[in-house]
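Participant: Here's the letter readout for the chains.
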Amino acid sequence: MPPLLKLLLIRLGLGILTLFLVSVVVFFATQALPGDAAKAILGKDSADKVRYEALRKELGLDRPVVSQYTGWLGDVVRGNLGNSLVGGGAKVTELLKQRVINSAILVSLAALFSIPISILIGAFSAVWRDSKFDNAMNITNLSLAALPEFVIGIVLVLIFATTVFNWFPSVSNVDSRAPLSGQMDLFILPVVTLILAVIPYVSRMLRASTIEVLESEYVMMARLKGLKESRVLWHHALPNAIVPTIQVIAINIAWLAGGIVTVEYLFGFPGIGSALVDAVANRDMPVVQALVLLIAAVYVVLNLIADILTILISPRLRTGLR
Amino acid sequence: MSQSDDASLDPLQPLGTLEPLENLEAVPLVARGRREWVQTVIDAWHLRRTKIGFAVFLVLLCIALFGRYVAPYSPTEFVGPPFSLPSSAYWLGTDFLGRDVLTRVLYGGLSVFVLGIAATVIGIVLGVSLGLISGYARRWVDESIMRMLDVVLAFPSVVLAMLFVSIVGPKLWLIVLMVGISHMPRIARVTRAATVELTARDFVRAAAAVGVPRRKILFIEVLPNISSPLLVEFGLRLTYSIIMIAALSFLGFGMQPPSADWGLMINENRIAITVQPWAVIAPVVLIAALTISTNLMADGLARAMMGIDRDTGVT
Chain A
0 MPPLLKLLLI RLGLGILTLF LVSVVVFFAT QALPGDAAKA ILGKDSADKV
50 RYEALRKELG LDRPVVSQYT GWLGDVVRGN LGNSLVGGGA KVTELLKQRV
100 INSAILVSLA ALFSIPISIL IGAFSAVWRD SKFDNAMNIT NLSLAALPEF
150 VIGIVLVLIF ATTVFNWFPS VSNVDSRAPL SGQMDLFILP VVTLILAVIP
200 YVSRMLRAST IEVLESEYVM MARLKGLKES RVLWHHALPN AIVPTIQVIA
250 INIAWLAGGI VTVEYLFGFP GIGSALVDAV ANRDMPVVQA LVLLIAAVYV
300 VLNLIADILT ILISPRLRTG LR
Chain B
0 MSQSDDASLD PLQPLGTLEP LENLEAVPLV ARGRREWVQT VIDAWHLRRT
50 KIGFAVFLVL LCIALFGRYV APYSPTEFVG PPFSLPSSAY WLGTDFLGRD
100 VLTRVLYGGL SVFVLGIAAT VIGIVLGVSL GLISGYARRW VDESIMRMLD
150 VVLAFPSVVL AMLFVSIVGP KLWLIVLMVG ISHMPRIARV TRAATVELTA
200 RDFVRAAAAV GVPRRKILFI EVLPNISSPL LVEFGLRLTY SIIMIAALSF
250 LGFGMQPPSA DWGLMINENR IAITVQPWAV IAPVVLIAAL TISTNLMADG
300 LARAMMGIDR DTGVT
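The listed protein sequences derive, respectively, from chains A and B. Number 124 in numbering that gives the first Met the number 0 belongs to position 125 of the first sequence; there are no gaps in the numbering. Number 286 in numbering that gives the first Met the number 0 belongs to position 287 of the second sequence; there are no gaps in the numbering.
Here chain A stands alone, though its shape is the one from the complex:
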């Protein structure tokens, strides 16, 4: 087997193993913990033996744990995530469909804007190393990275939605029936919050890798050939500097899937984050399971994609496998 293929297969195998273990954690956390789910759902009503037993049966808690797990996993793989325990017991997939789309749009928009901005900031910080711009960006990044997203969000609301300017709505009641193009202003503040939360990490990483590349011999060669500095940066240095940043970008997008929890809750944005908050508050286990599984799976899959991309586009990893 060619070494490259072998490496990719190992990576894929590890990703699948992690996904499997994630599903084990989610399942056993929600179904097999002491003081079982039926008791947790019923609360004080669990003294009612008949209801308690009926619910246990409905949740499959009377079966052995391993058979519960395999049954559950089979259902999940087939896309059957069970029924919600609150609000009339609608199908989880139906309940979450629109929210997954909303959140995906939110995360995509944030990624779409934050990545180019981060690349620009990172590249210029590297070129103008130790300048006023670089130091200012350094302190800004350090502060932004330290702030919880909901604090960034609240500050944005204070400035742009209430006291200073009154430009944007502070609550994002996206109407799922109306076309999204007419409701873009509802996305602005949540998206900007997420952008500000991501920029520090990606720009910092890109700055470091750009500095490394700019000091390499082939960049010196390009300069000695008499190329313009801008051409050296954008055509020769940056494409290589972005390679080690791919993983940081992927992990940040995956992290956005988790970071949206507080941001969506803050803005009342109807996505998976606010759905998770509601589900946890209501102890709606099937919904909690589905969302946690989804968010963890996004992380694992994006990580895997970044791994494979890095292997495929970096010649050192591709050829130096021996």
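These are computed hints drawn from the structure, not numbers from a lab. Glycine included, C-beta positions come from ideal geometry on N, C-alpha and C. Fair warning: there could be bad hints in the mix.
[To be verified] Listed below are the simulated DMTMM-like cross-link pairs for lysine to aspartate or glutamate, each with C-alpha atoms no more than 20 Å apart in a straight line:
1. Lys-5/A x Glu-142/B
2. Lys-90/A x Asp-277/A
3. Lys-170/B x Asp-277/A
4. Lys-56/A x Asp-74/A
5. Lys-96/A x Asp-277/A
6. Lys-90/A x Asp-74/A
[Claimed, not checked] Part of the chain B face toward chain A, derived, beta carbon under 7 Å:
7. Asp-149
8. Ala-153
9. Val-157
10. Met-161
11. Ser-165
12. Pro-223
13. Thr-238
14. Ile-242
15. Phe-249
16. Val-283
17. Ile-286
18. Ala-287
19. Thr-290
20. Ile-291
21. Asn-294
22. Asp-298
Chain A is fixed; fit chain B onto it per the hints.
Facilitator: For chain B alone, coordinates are given in the frame of chain A:
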């Protein structure tokens, strides 16, 4: 790069130590004597950011510890109509139930500090233990511990905590434990990398050769030598502990009403942000100042540890 290396690029990673992944392993090689961490603290103190961070941190700590003794009211006392604007009677106005915002701000910091520090200590203890075992044992023990940590890493910390809150309920010990567990992977990686590096060196092999028990080697020979990276980790993880605990309180899964807590206050009063913004602004400013101050200190320590030139302050 193995998968464990990739995953150590998690977004919660410190800015100060983002770039030189190799440095994590290279650090203990520069032996600066037994009291290495003391030297790191001294070096860090020469940086302006460390001083600023420490000063702000100290002020906030004093507010959290002693603020309650100068508070004008009781934190649960109804002193006026809800959402009153600041006046001479209540300097920061009243909250959604008509309680004094200033008083609640003065009371609400202690929980942030206590829970944040507790979660960080748990994370360090668990992470260091796993990292030491993993780095010293190698082979399948190492492999399985690292796989397990990959799984923890797949859950964003807030989501991991919420998963367990949905079963057990919003208990404080649970929140602290889950935040601590979410720190585990990265601390274990740092410890493991340093342990692997150290165990290959002569003084550790000599200790093993003369029959010093493994446990003793880990605690007497290895642990003191990784005190500096662990100190940096402590600073960074403290920042993220505070962020996560404040976020969980904000979501309603941390401190429960009627207790005074900065995160909870933001959530309780944000509905009237247009009417009485001070009930939100005060805790927001304090949380922001606290996390920025701990991050500044952590960055100062990280730079000092890597021997970053203190004049330019960059790279």
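Participant: All hints, please: hold or fail.
Facilitator: Verification of the supplied hints:
1. Lys-5/A x Glu-142/B: 19 Å, holds
2. Lys-90/A x Asp-277/A: Given that 20 Å is the threshold and the Cα spacing comes to 16 Å, the pair holds.
3. Lys-170/B x Asp-277/A: Holds, at about 17 Å.
4. Lys-56/A x Asp-74/A: 17 Å, holds
5. Lys-96/A x Asp-277/A: 16 Å, holds
6. Lys-90/A x Asp-74/A: 13 Å, holds
7. Asp-149: 5 Å, holds
8. Ala-153: 4 Å, holds
9. Val-157: Check passed: Cβ of Val-157/B comes within 5 Å of chain A, closer than 7 Å.
10. Met-161: Since the shortest Cβ distance to chain A is 5 Å, the answer is holds.
11. Ser-165: Where the cut-off is 7 Å and the nearest Cβ of chain A is about 4 Å from Ser-165/B, the hint holds.
12. Pro-223: 30 Å, violated
13. Thr-238: This interface hint holds because 6 Å falls under the 7 Å limit.
14. Ile-242: With a minimum Cβ separation of about 4 Å from chain A (threshold 7 Å), the hint on Ile-242/B holds.
15. Phe-249: At 5 Å from the nearest chain A Cβ, Phe-249/B passes the 7 Å test, so the hint holds.
16. Val-283: Check passed: Cβ of Val-283/B comes within 5 Å of chain A, closer than 7 Å.
17. Ile-286: 6 Å, holds
18. Ala-287: 5 Å, holds
19. Thr-290: 4 Å, holds
20. Ile-291: 5 Å, holds
21. Asn-294: Given a least distance of 4 Å, the restraint on Asn-294/B holds.
22. Asp-298: 6 Å, holds
Checked against the numbered hints above, the structure violates only hint 12.
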